[in-house]
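Novice: Sequence:
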Amino acid sequence: MKSFFTILCTMLFSVYALAQSNNKTISGQVKDIQNEPVPGATLRLVQAKDSATVQTKTARDNGRFEFSNLPNGVYLLVITATGTQKYTSAPLTLEADRTQLVLPAIILLPQKKANLKEVVVVAKKPLIEQDIDKTIVNVESMISASTSNTLEVLEKTPGITVDANGEISLQGSSGVNVLIDGRPTYMSGRDLAAYLRSLPGGMLDKIELMPNPPAKYDAAGGAVINIRLKKKRTEGYAGSLSLNYNQGKLARSYNSLNLNYLNRKVNLFGNFSYGRYADFNDDVSNRVFYGSSAQKSASVGLENYSTSGSNEFNGRIGMDYTVSSKTTLGFIVNGSARRRKEYVDYVSNSYSAGDVLDSIGWGGSDNTSNWRQLNGNINLQHKFDDAGRELTADINYINYNNKGDQVLQNFVSGSSGGQLRNQDFYYNLPSNIDIYTARADYSHPLKNKASLSGGVKTSFVENDNQSDYYAVMGGTHTPDYGRSNHFIYRENINALYVNGRKDWKRIGMQLGLRLENTQTKGRQLGNAVVPASTFTNDYTGLFSTVYVSYKLDSLGKHNLILNYSRRVNRPGYQQLNPFLFFVDQYSYSTGNPYLQPSYNNSVSLTYRYKQFFNGIFNVERATDGFFGASRVEDNILITRPENIATRQLIAVLLYFNTLPAKWWTLNFHIAGAQFSTKGQLYTENLDIVMYTWRTNLLSQFRFNKDWSAEFYGAYNAAINNWQRMVQPRYWVNAAIQKKILKGKGNLKINVEDIFRTMKWDEELKGLKQAQSHRVSFNDTRRVGISFSYSFGKETFTRKRKYNDNTADDVKERVQ
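Going letter by letter, the sequence shown gives residues 1 to 815 in the UniProt record's numbering.
Note that these hints are calculated values from the structure, not bench results. Heads up, a few of these hints could be off.
Said to hold, decoys possible - Here are the simulated lysine to any residue pairs, SDA-like style, with alpha carbons at most 25 Å apart: (1) Lys-57 x Gly-556; (2) Lys-230 x Phe-272; (3) Lys-249 x Val-284.
Stated by the list, open to error - Between beta-carbon pairs, the in silico distance windows are: (4) Ile-636 x Pro-531: 19 to 25 Å; (5) Gln-680 x Val-775: 25 to 31 Å; (6) Leu-241 x Ser-676: 47 to 53 Å; (7) Thr-757 x Lys-610: 32 to 38 Å; (8) Pro-660 x Lys-705: 15 to 21 Å; (9) Gln-771 x Ser-676: 19 to 25 Å; (10) Val-775 x Lys-610: 39 to 45 Å; (11) Thr-327 x Val-102: 23 to 29 Å; (12) Arg-190 x Leu-268: 33 to 39 Å; (13) Thr-623 x Pro-660: 43 to 49 Å; (14) Lys-505 x Pro-104: 24 to 30 Å; (15) Trp-707 x Leu-329: 43 to 49 Å; (16) Thr-623 x Asp-480: 36 to 42 Å.
C-beta: ideal position from N, C-alpha, C; glycine also.
From just these sequences and the hints, can you work out the full model?
Specialist: Given below as structure tokens:
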């Protein structure tokens with residue numbers, strides 16, 4: 001701890017010292033005639049003598065701007081913004097004895113139109129924008145988004161992959177921390193995937209991708225994906241409606257309503273959605289078992305066919321109240337509910353060593369889940385001055401509750417047809433999770449394009465899972481205490497961080513340190529057969545982030561960015577739960593209460609040309625990596641997470657964003673990587689080195705002001721996902737859009753997985769005396785149609801960005 005505070009004080013002193021260097025700057029603030037900031041205004045600083053452009057800037061969220069590293073001279077400032085008249089300043093002079101010129105507030109006048117309420121803004125945001133520590137994807141610029149759910153939108157986003165279990169990775173880094181409006185979801189795996197499927201794409205505003213997030217964010221997870229929902233900032237009443245229907249083998253529908261009311265004191269906002277999700281899974285597996293002499297001893301062929309459907313509701317209501325010109329109070333309440341039914345039918349054929357049919361199994365399961373989520377947030381934002389000194393604070397409460405049950409029927413007959421045995425089971429699987437978090441963040445701008453920020457956070461989690469197993473015979477339920485389980489897990493994480501940023505003429509630097517202490521306790525309540533047990537864990541980690549950028553030319557068109565981060569990947573709550581979960585007659589999964597966190601170190605070097613090209617070289621190393629390791633016992637495949645391997649990733653990633661023509665926008669991504677996995681998998685050595693690559697292309701065409709189209713294609717080469725070797729996958733989507741109702745409405749048609757090639761084909765590696773191969777299809781080939789409409793009062797009032805500054809981005813670990 002003493003060394004941490006020494007480092008902290010040293011960094012604070014260093015940032016302050018760097019901030020004292022002299023640069024010549026011109027700064028100020030842009031406002032409208034209502035004295036509101038004008039974020040997003042375009043500012044050009046030009047030479048007074050010949051109007052040659054010196055620098056171009058965009059006004060920040062508070063309307064402020066700053067031109068730095070300027071030589072002596074006479075300049076003009078030209079400002080343009082949608083809905084306002086063009087502004088040109090009087091001559092601005094910088095002399096040898098004048099290092100800083102602060103302009104009075106600049107007021108932009110409205111356009112000279114008879115009725116500003118009828119002005120429709122048609123400016124289109126670029127699909128992808130780049131910042132020093134993140135990539136921003138503007139979802140509204142993706143035509144196919146409104147006919148998709150959020151998980152499908154993520155899968156179409158460059159750099160993101162989603163595997164068969166719903167696990168999300170960014171630039172090859174797994175353990176991604178997914179946030180909604182800057183707030184943690186505390187979910188991962190299948191639960192996170194199910195929640196993201198319930199959010200219609202029409203609710204999304206933008207997606208922020210942070211492969212190496214700054215110290216402000218929790219150290220948990222390999223990367224951060226922050227999903228921002230829509231919230232309009234037009235004065236008065238405004239909103240949007242999105243209706244969607246899409247059909248594959250089964251029907252789905254995603255519908256959303258976004259509402260907003262804004263005046264000088266109050267901003268009320270809400271998002272509401274209803275969806276009907278349906279899917280099928282056709283899964284074929286083949287397993288071969290060997291004796292100690294490596295001779296084939298048995299084999300089994302499995303075919304599982306499942307259909308699932310759910311009704312999904314999401315709602316969010318919030319308000320920001322401006323107490324004074326410097327203080328804003330707010331609250332947000334989120335709620336979600338999902339009722340899901342799944343039916344699984346399976347057939348299995350078991351063979352002896354000589355491939356002679358030994359027995360036939362068949363049966364099925366009926367699974368029901370009633371899941372709900374409630375999230376409450378209270379937040380405060382206080383601005384100490386116009387320079388940008390700011391304090392934010394948040395308190396959050398999140399509750400997840402699930403009441404589920406599973407009814408299983410198993411029948412086994414001999415090869416001649418006579419029934420050998422009949423097994424019926426009933427599982428009751430209730431769970432409840434309570435999460436409390438509080439945090440405070442302070443930011444302090446310094447002179448000469450430097451800033452300092454810091455904060456503290458605490459979180460408390462209690463996860464209560466119960467699994468009651470019963471054998472069913474003649475309608476009588478007999479408790480199976482050997483499989484039943486009641487597991488309670490508690491966790492407390494306390495953290496503090498400091499972050500400094502400084503820009504010179506060509507060099508920019510951002511340094512961050514985060515200290516986290518984690519205390520956990522797990523308790524398995526005993527029963528008549530299983531003894532009670534407990535475990536505890538207490539560990540502290542120091543996590544650093546470094547960003548260094550260098551402008552290769554005076555205009556900043558060519559940039560190099562060096563990034564380093566150290567992060568932790570904590571086990572998901574359910575991964576620690578030792579209860580046994582039935583998949584099929586030959587497959588079970590279970591948790592591991594003794595899992596330890598995995599630590600990741602990542603270094604990347606990026607070359608960036610404007611917003612058009614990004615080239616990234618990335619090296620990442622994870623120690624004590626854990627994953628769902630599979631083993632065979634009595635011809636049954638049991639999967640349990642284990643700390644097994646050290647994994648290294650070396651990757652080269654290229655992103656192209658270009659305009660081949662005025663009517664054509666092209667976004668192209670290609671990546672190549674080497675994965676190296678080494679460890680001990682039970683009694684088998686795991687030593688895999690593999691090369692892989694993937695690419696995707698998003699091409700958008702604008703035929704005129706009303707018609708546009710989109711084409712998307714992706715290819716993922718074979719890849720080693722820890723123990724699983726996944727074969728190549730590719731798919732193609734297309735969409736077309738027509739603007740209607742004077743530009744306020746849109747009709748879109750989308751076709752996904754046109755050639756039905758989006759299948760999963762994987763093989764398990766490192767199994768002792770066994771081989772396992774699996775092929776799986778889902779309902780991926782679909783046709784969808786959507787209608788969206790924006791309504792309400794439109795004025796030239798400027799947009800003010802909502803400052804989330806909420807409970808920081810914690811690893812979603814509810815599985």
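Novice: The structure should be examined with respect to each hint, and the outcome stated for every one.
Specialist: Consistency of the hints with the structure:
no., hint, in the structure
1, Lys-57 x Gly-556, "12 Å, holds"
2, Lys-230 x Phe-272, "11 Å, holds"
3, Lys-249 x Val-284, "19 Å, holds"
4, Ile-636 x Pro-531: 19 to 25 Å, "24 Å, holds"
5, Gln-680 x Val-775: 25 to 31 Å, "29 Å, holds"
6, Leu-241 x Ser-676: 47 to 53 Å, "50 Å, holds"
7, Thr-757 x Lys-610: 32 to 38 Å, "35 Å, holds"
8, Pro-660 x Lys-705: 15 to 21 Å, "20 Å, holds"
9, Gln-771 x Ser-676: 19 to 25 Å, "23 Å, holds"
10, Val-775 x Lys-610: 39 to 45 Å, "44 Å, holds"
11, Thr-327 x Val-102: 23 to 29 Å, "25 Å, holds"
12, Arg-190 x Leu-268: 33 to 39 Å, "35 Å, holds"
13, Thr-623 x Pro-660: 43 to 49 Å, "44 Å, holds"
14, Lys-505 x Pro-104: 24 to 30 Å, "26 Å, holds"
15, Trp-707 x Leu-329: 43 to 49 Å, "45 Å, holds"
16, Thr-623 x Asp-480: 36 to 42 Å, "39 Å, holds"
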